[in-house]
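Colleague: Each chain, written out:
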Amino acid sequence: MTFTQNHLLGIEPLQPAEITTILDLAEDYVALNRSAEKHATALSGMTQINMFFEASTRTQASFELAGKRLGADVMNMAMAQSSLKKGETLIDTALTLNAMHPDLLVVRHGSSGAVNLLAEKVNCAVLNAGDGRHEHPTQALLDALTIRRAKGRLHRLTVAICGDIAHSRVARSNLLLLGKMENRVRLVGPPTLMPAQVAEFGVEVFDDMRAGLEGADVVMMLRLQRERMDGGFVPSEREYFHRYGLDAEKLAYAKEDAIVMHPGPMNRGVEIDGAIADDINRSVIQEQVEMGVAVRMAAMDLLAGNLRRRRESQRLRGVGHG
Amino acid sequence: MMTWFGNARLIDPEAGAERNGTLLLREGVIAEIDAPCPDGAEVVECKGKCLAPGIVDMGVQVGEPGAQHKESLRTAGLAAAKGGVTTIIMRPDTVPAIDTPEVLEYVTRRAAARTPVNIRAMATLTRGREGREMAEIGFLMDAGAVAFTDGDHVTADTRILARCMSYAKGLGALIVGHPQDQGLSRGACVTSGKFASLRGLPAVSPMAERMGFDRDMGLVEMTGVRYHADQITCARTLPALERAKANGLDVTAGISIHHLTLNELDVGDYRTFFKFTPPLRHEDDRRAMVEAVATGLIDIICSMHTPQDEESKRLPFEEAAAGAVGLETLLPAAMRLYHSGGVSLPQIWRAMSLNPARRLGLPAGRLSVGAPGDLVLFDPDAPFVLDRFTLQSKSRNTPFDGARMEGRVLATYVGGVCVHRQEG
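Heads up: the protein sequence lines correspond to chains V and D, in order. Note that numbering that gives the first Met the number 0 has the first sequence beginning at 0, numbered continuously upward. Note that numbering that gives the first Met the number 0 has the second sequence beginning at 0, numbered continuously upward.
Hints were generated in silico from the structure; no laboratory data involved. Heads up, the beta-carbon is just placed ideally off N, CA and C, and yes, glycines get one too. Please note that the accuracy of each hint is not assured.
[What the hints assert, rightly or not] Capping the alpha-carbon separation at 25 Å, the derived lysine to any residue pairs in SDA-like fashion look like this:
1) D:K168 x D:T157
2) D:K48 x D:P345
3) D:K312 x V:N122
4) V:K120 x D:A402
5) D:K193 x V:T191
6) V:K37 x V:R68
7) V:K120 x D:R387
8) D:K193 x V:E203
9) D:K193 x V:H166
10) D:K193 x V:A195
11) V:K120 x D:F272
12) D:K193 x V:G178
13) V:K67 x V:E26
14) V:K249 x V:I279
15) D:K193 x V:Q14
16) V:K120 x D:D308
17) D:K48 x D:G27
18) D:K312 x V:D91
19) V:K120 x V:E311
20) D:K193 x V:R227
21) D:K312 x V:M78
22) V:K179 x V:A195
23) D:K393 x V:D91
24) D:K312 x D:D268
25) D:K393 x V:I90
26) D:K168 x D:R242
27) D:K244 x D:G341
28) V:K120 x D:D268
29) D:K312 x V:G109
30) V:K37 x V:D300
31) D:K312 x V:I90
[Stated by the list, open to error] Residues of chain D clear of chain V, computed beta-carbon distances all greater than 10 Å:
32) T2
33) G15
34) A30
35) H338
Whole structure, please, built from the sequences with the hints as guidance.
Modeller: In structure tokens, the structure reads:
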């Protein structure tokens, strides 16, 4: 077992072995979550604070449930309507919270790098629940677990990630993770929604969806935000669905047993045909949500273990915990 | 009063050469070169260290008036003296902006009383840097403005800019532009490419600089105005610059020392002290710029001194303020160009002293008889590790904190008077 991180800020700093460690532990928590007695003690006595500077229902609920099932005291702070509106800086908010001695801080913020900045200023484990267009590591990990369970492996698969790559932290974390685990990653979408020089990431880029899906094992759809469909990035919703929406006809280009994924919330009829999203033979979208709780439990369990060890060694060396 | 410098390595940017010799300052000007020490002169034994014209730093932001908590005229002056900068060319982006002769006179008067170095100011091209109404270019020139610029507030309306240029042409005024297409660069804080995509930061293509420059060249050709581009930082702008010069347009170009010594990867893990306007570029661009300084295609190196307090920098990268202080690190950073072998000391001094002085019509920047006694004595090889808390500037936002550098200022002279001497 390998896991040496103090924080989970992104997929980028993780070693492949660390990814496998998280996923293996998450398997145990999947079993626990399916049992009647859903309690474990990995975080007992610890305080987890969820700070969401951007509104979120699903991710926040998933982290909250994960913390509670592991025995932590969980506090949710809806930062969107808090003191940040009163002019307090991110750093000051962080220091205020730090004085309450949290052990785990789960943070979502609208600016890329904001969670890294925060992690420098607090002495607890920080989990990135999404920062700007940068990373959303737990989403990539839950996607990886879902793929591994459906396909029996997490290497040598062809994965097509489709849609708004440029504005998506989910896409960034996923392509890093899938790359580290030695999969073939394809990005599919119009050039206006592709990041600059994305081909340098070691991925294949397609603007024709049928070509991009050809022979794929996994089709991962991304959400396209409505404000980007008004002619700024794509001409209209209906043209987008026509060219890049996932329907049965386009999906037929993928492998026969290809699975369909979506990080949610879905825009039915925009990026994905409702019938496909509901097709239990193809869609693993509900399973993704289930894996989300398990993966977050695993990540917090590992980080809490490292935090305890770090504090213990500080105590032995006589360094105060501030 | 006389000061005689013995056994100096004289850096002469005008001749494009360096040699060992002596220099005599009398009554604030360079009186003789290679003459023996006259009776009664103060003797400075240089021990073979470099003696060069003082740096003329074109484009320094001082927080006075409006943001004295970031930098005052007094602290900027101290920083300049310590950094070997003998003439500060102030940017007009103060609050209020230097857009009337009254503000200019206020600044000039206070500067004279508070700073040991020369301070000259640029004025805005349009009122309040808003790009709508022309500033009083004529009155401002009479009051001593050396050039006209709205800084990084690029005038979007080409008709207004064309009129400002025509009017400035009539007066012989120099306009300093910031070549950047405003549509493409809106909201961007890094250069587009793999690094920007990986970090998920809004990015701008280097093409935005070329397009901004091309537009300005069109207007310069149309109006015949004297034009200086404040910062050219991308390789793909260089052919356009070369062409403009070859076509006989009265055009020069500058670059900040940061774009010559750092690249986009230095931003690393969202380090806001490396956020600049324009953003740091690809390493290929940086190397092309160093080459362009050596050939003289890029005329001027400046510090783009931009003091920012901790509160403006300790923010998520996108929200953080851009810019870095540079008055005290300009010389040691420029020594990186010298030590890496690309650029000679006379070439560096041509860009940091002779060219800006010439372009702004100042007598400084030369090491010849009759030139002002503005000198810097420095050791190009002296190593040190920079600690930002030793800076004289009120703001300590330097990207070189903790960096190993070579090149220390030993003494700075302004008008024949020693304004800084290194202790020990």
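Colleague: Of the numbered hints stated earlier in the document, which are not met by this structure?
Modeller: Of the numbered hints given earlier, the structure breaks none, since each of them holds.
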